[in-house]
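Trainee: Each protein sequence line maps, in turn, to chains A and B. Residue numbers for the first sequence follow this note's numbering, beginning at 1 and rising by one. Residue numbers for the second sequence follow this note's numbering, beginning at 1 and rising by one.
Simulated from the structure, these hints should not be mistaken for laboratory data. Backbone N, C-alpha and C define an ideal beta-carbon position, used for all residues, glycine too. There's no promise every hint is true.
What follows is a set of in silico ranges between Cβ atoms, one per label pair, in the way DEER data are often shown [unchecked claim]:
hint : chain 1 : residue 1 : chain 2 : residue 2 : range
1    : B       : Trp-232   : A       : Glu-178   : 30 to 38 Å
2    : A       : Arg-17    : B       : Asn-254   : 44 to 52 Å
3    : A       : Glu-222   : B       : Glu-250   : 22 to 30 Å
4    : A       : Arg-216   : B       : Ser-33    : 38 to 46 Å
5    : B       : Gln-59    : A       : Gly-34    : 38 to 46 Å
6    : A       : Glu-178   : B       : Glu-94    : 44 to 52 Å
7    : A       : Gly-124   : B       : Asp-12    : 41 to 49 Å
8    : A       : Asn-129   : B       : Arg-239   : 34 to 42 Å
9    : A       : Ser-220   : B       : Met-201   : 35 to 43 Å
10   : A       : Arg-172   : B       : Pro-35    : 48 to 56 Å
11   : B       : His-18    : A       : Gly-124   : 31 to 39 Å
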Amino acid sequence: MASILTFCMGTRSSIPRSGLELLAVARSLSQQLGSVPVQALFLGLGVREHAPALIHHGADQVLLADHPCLERPEDEVVLGITEEVVRQLAPRVVLLPHDELFGGHVGPRLAYRLKAGIVTDCTGFAVQNGDIRWLRPVYGGKAMAYMCARGLLQVATIRSRAFEPLPADALRTGEIQEIPIPEAFSTSVTVVERVEAAEERGLSLDRAEIIVSGGRGMGSAEGFSILHELARVLGAAVGGSRPAADMGWVPHSHLVGQTGKIVAPKLYIAVGISGATQHMAGAGSSKTIVAINKDPDAPIFKLAHIGVVGEWEKVVPPLIRSFQEMRS
Amino acid sequence: MHIVVCLKQIIDPEVPFHLFRIDPVAKTQIRGSHPLVISSYDEVAVEVAIQAKERWGGQVTIVSIGTKETIQSLHQALAMGADAAILLCDPLFEQTDSFGKARILAAALRKIGDFDLILCGRQAGDVEMGLVGPFLAEELGIPCATLVANLVSSNGKVRLKRPTESGYEILEAPLPCLATITNDESNVPRYASVKGIRAAMRTPIPTWTATDLSLDAAALGQEGRIEIDEMWIPQREIRCELIAGESAEERARNLALRLRELGLV
Ligand SMILES: Cc1cc2nc3c(=O)[nH]c(=O)nc-3n(C[C@@H](O)[C@H](O)[C@H](O)COP(=O)(O)OP(=O)(O)OC[C@H]3O[C@@H](n4cnc5c(N)ncnc54)[C@H](O)[C@@H]3O)c2cc1C
Ligand SMILES: Cc1cc2nc3c(=O)[nH]c(=O)nc-3n(C[C@H](O)[C@H](O)[C@H](O)COP(=O)(O)OP(=O)(O)OC[C@H]3O[C@@H](n4cnc5c(N)ncnc54)[C@H](O)[C@@H]3O)c2cc1C
């Protein structure tokens, strides 16, 4: 029976959370469509030992491609393998993470080549009369839509953190099958240089329990330095809105929002951020959102749990002092 | 080098959500009195194209599928420094999905003919499917680089800078090719100069219809593979607890206490 096929790029050290989230989507979809088998394509170098974990999290079969050419593959290498596998397996649904590689490149091109329908950046779905309706935000999250992908095959890219991975079930069994990788892929676009940023980027947003984020209201890079101080006393990571990233006050990898990182810390403190839906799309799943803004009418006061009206110049320094006093 | 930028005009995406309305039957946003603007990543793409022209010469052409009102956005792109603009306008173009949009743009690009590089936004600022760019590259059978921020060199081939998690990478692509553009600190769109605006208003903007592009309903319709089934505005307001206090200092202290009470710090 035509399957649901999920994708995952792993590393030696771990399986990305998105790979497990896709399996949760696949299992629930499988149940609603009537016991459709779930296959997981697992790519990477040195990832073999993690393959059973994909079974434990919901796959019925893992197709493993563990190969040196997959350590940091070019987009077109992943596209080539993906296209090959999808043509052979002829699944009914292909689920991909909505990240730079799959959402920005592989998904759209794959759908075009296979004449498949595609819905990107999905946050949910509903099955109605055997049809899948994909839920996704539109207009920067101000509206939601159900979209349908027409075609024998459909592709959906899934927004990170929209689904919780299923708990691992070590008793689940399934088959792990190696798939051959063509010796050489010719690519037209090639990476000729990789440059690691020299500057200290601080704690990564993905792991932080607390995130302090600044916006255009911080006014300058100097303004931003006080947020780093606040982050230090809280053991927090520092993020920013798009203007803050465009201005170079935070690196782009620390941009929070629909087109940046989707984060879900237990505490998100937004300073000098107006609360645009495109920003809140990335911060909205935080357990508690605190807003510090000088404008009592700023939209963020309708989206935050706790608010302080005031200029950050007057609010943040005493806030830092209070936390320091609590510590000592 | 001849760079073509695909530009979509949209209703201002910064409209705050309490003023945002949709038509649930047409399944699209209601314009109201909101301004029409260049989709933000497309404005960034125009900036990238003009920077490239300033460094290595060449010309920049803008194409947009839109309406008469889109001419205003095309003028803006010309005023920023683009050399030419073409409006693709036909009732047939309106009710099409991303596949249809790519097909229309591909027909226009073939008619333009001598392009070297096509730039698209990473995603439009309204429906945000992020599909038209890669689809267009496939439609034309040219290489596709995604999520790049700028060009770093150009001589027969292009080198493109792509931001990554930990820094950036340089991609090399043969020409002609297509790139989807994301923003970074190097490509913040410029304002148009007064001189640029004057010159732009004098630049004629040709309109190409379905007939000009030899497209008919069959060519566009059969590609309907993405359907918008339903659209609504979710209820999202949270009751925000405002921290009290006479002075900013007192409010700050009360915030710290409240966060400790909640066990958050
Ligand atoms: C009346 C109406 C009916 C519609 N019906 C459908 C439908 O049934 N199914 C559906 O999927 N969508 C429908 N749409 C929306 C649809 O036309 C989208 O705009 C289209 O799918 C493109 O997707 P996107 O805007 O998300 O562009 P993206 O794929 O996100 O755009 C990426 C990039 O492509 C380029 N680009 C996109 N659009 C244009 C353009 N118009 N001109 C020049 N360059 C452009 C830009 O560079 C842009 O940054 C409808 C719209 C209207 C107004
Ligand atoms: C397709 C698309 C994708 C986007 N993706 C993202 C994204 O991923 N992430 C993102 O962040 N944005 C994104 N945006 C941009 C988004 O729409 C907003 O423009 C942006 O989030 C606004 O950033 P901001 O809140 O920092 O700035 P502004 O909206 O300018 O707000 C600044 C705030 O600071 C306050 N302020 C000023 N001075 C002070 C002071 N002294 N003390 C306290 N407060 C002060 C002001 O009252 C104001 O509320 C996207 C837009 C589009 C169209």
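Trainee: Determine for every hint whether it applies to the structure shown.
Mentor: The hints, checked one at a time:
1. Trp-232(B) with Glu-178(A): 30 to 38 Å: Taking Cβ atoms as reference, Trp-232(B) and Glu-178(A) lie about 46 Å apart, which means the hint is violated.
2. Arg-17(A) with Asn-254(B): 44 to 52 Å: violated (36 Å)
3. Glu-222(A) with Glu-250(B): 22 to 30 Å: holds (26 Å)
4. Arg-216(A) with Ser-33(B): 38 to 46 Å: violated (25 Å)
5. Gln-59(B) with Gly-34(A): 38 to 46 Å: Violated: the Cβ-Cβ distance is about 57 Å, outside 38 to 46 Å.
6. Glu-178(A) with Glu-94(B): 44 to 52 Å: holds (49 Å)
7. Gly-124(A) with Asp-12(B): 41 to 49 Å: Because 27 Å falls outside the window, the suggested range is violated.
8. Asn-129(A) with Arg-239(B): 34 to 42 Å: Given range 34 to 42 Å: holds, Cβ gap about 38 Å.
9. Ser-220(A) with Met-201(B): 35 to 43 Å: Cβ of Ser-220(A) to Cβ of Met-201(B): about 36 Å, so the range 35 to 43 Å holds.
10. Arg-172(A) with Pro-35(B): 48 to 56 Å: holds (54 Å)
11. His-18(B) with Gly-124(A): 31 to 39 Å: violated (24 Å)
Violated hints for the displayed structure, listed by number in ascending order: 1, 2, 4, 5, 7 and 11.
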